[in-house]
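There are 2 protein chains.
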Amino acid sequence: MEETRGVVKHVLLAKFKDDISNEQIEELIKGFANLVNHIEPMKAFHWGEDVSFENKSQGFTHIFESSFESTEGVAEYVSHPKHVEFAKLYFAYLEKVLVIDYKPTIVRC
Amino acid sequence: MEETRGVVKHVLLAKFKDDISNEQIEELIKGFANLVNHIEPMKAFHWGEDVSFENKSQGFTHIFESSFESTEGVAEYVSHPKHVEFAKLYFAYLEKVLVIDYKPTIVRC
Numbered sequence: 002m003e004e005t006r007g008v009v010k011h012v013l014l015a016k017f018k019d020d021i022s023n024e025q026i027e028e029l030i031k032g033f034a035n036l037v038n039h040i041e042p043m044k045a046f047h048w049g050e051d052v053s054f055e056n057k058s059q060g061f062t063h064i065f066e067s068s069f070e071s072t073e074g075v076a077e078y079v080s081h082p083k084h085v086e087f088a089k090l091y092f093a094y095l096e097k098v099l100v101i102d103y104k105p106t107i108v109r110c
Numbered sequence: 002m003e004e005t006r007g008v009v010k011h012v013l014l015a016k017f018k019d020d021i022s023n024e025q026i027e028e029l030i031k032g033f034a035n036l037v038n039h040i041e042p043m044k045a046f047h048w049g050e051d052v053s054f055e056n057k058s059q060g061f062t063h064i065f066e067s068s069f070e071s072t073e074g075v076a077e078y079v080s081h082p083k084h085v086e087f088a089k090l091y092f093a094y095l096e097k098v099l100v101i102d103y104k105p106t107i108v109r110c
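If you read the protein sequences in the order shown, they are chains A and B.
Here this note's numbering is used: the first residue of the first sequence is 2, the next is one more, and so on.
Here this note's numbering is used: the first residue of the second sequence is 2, the next is one more, and so on.
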């Protein structure tokens, strides 16, 4: 098992407020995805909706995974004006949010 | 933005109980990682400790990401005897757990 050099995954779990429409959620996701075009240290962006049948998601319905080369890159992203502007809007639509960053140890690719 | 065909990510967030030693945590992680050698539909396994400075991890300290080719593969994994045996041990050491599965839409690789 070896730690991947130069990769930090920034994982955000979200539950949108109940009165938000699917169209609004789509727009918010597009806005999130668009950050990758503006914030240089943000190298990759994946997202998806929960499809688990185990009922252990604690109400979280969406997951967003951004990749960086370092924790400094994450910090640069968090304080970037484009992110600050987006986050202000986005967080107003969220009922719950959870953020965890990690340097993946890859046991099998 | 297109959905990746044939990939389902199974993400587990964990907080171990306070009285668990680092050595015990290491052993549990090795046990988790070893499942990839026994459960055919489990195609990949990555894990890491939280390194976020944002203080939004809600107490979760570790993240484990397994990859499958389908939600049926996840179901096969969950009910596999090797997983059932491991999970029984593992969950006894956890204070908190959260599981979310998703089919990643890749905006940028």
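Calculated directly from the structure, the hints in this document are not laboratory data.
Among the hints, erroneous ones may be present.
The list cannot tell twin chains apart, which means a pair is met if one copy fits it or any two copies do.
[Unchecked claim] Okay, derived cross-link-like pairs now, DMTMM-like style, lysine to aspartate or glutamate, Cα gap no bigger than 25 Å in a straight line:
#1 Lys44 <-> Asp19
#2 Lys89 <-> Glu24
#3 Lys97 <-> Glu24
#4 Lys44 <-> Asp20
#5 Lys16 <-> Glu28
Structure-based check of all given hints:
Neither within a single protomer nor between protomers do lysine 44 and aspartate 19 lie at most 25 Å apart by alpha-carbon distance, with minima of 31 Å and 35 Å respectively. Taking the shortest alpha-carbon separations for lysine 89 and glutamate 24, only the intra-copy value of 19 Å comes in at or below 25 Å, while the best inter-copy value is 41 Å. Only within a single protomer do lysine 97 and glutamate 24 lie at most 25 Å apart by alpha-carbon distance; the minimum there is 19 Å, versus 33 Å between protomers. In the homo-oligomer, the alpha carbons of lysine 44 and aspartate 20 never lie at most 25 Å apart, since the shortest distance is 32 Å inside one protomer and 38 Å across protomers.
Only within a single protomer do lysine 16 and glutamate 28 lie at most 25 Å apart by alpha-carbon distance; the minimum there is 15 Å, versus 33 Å between protomers.
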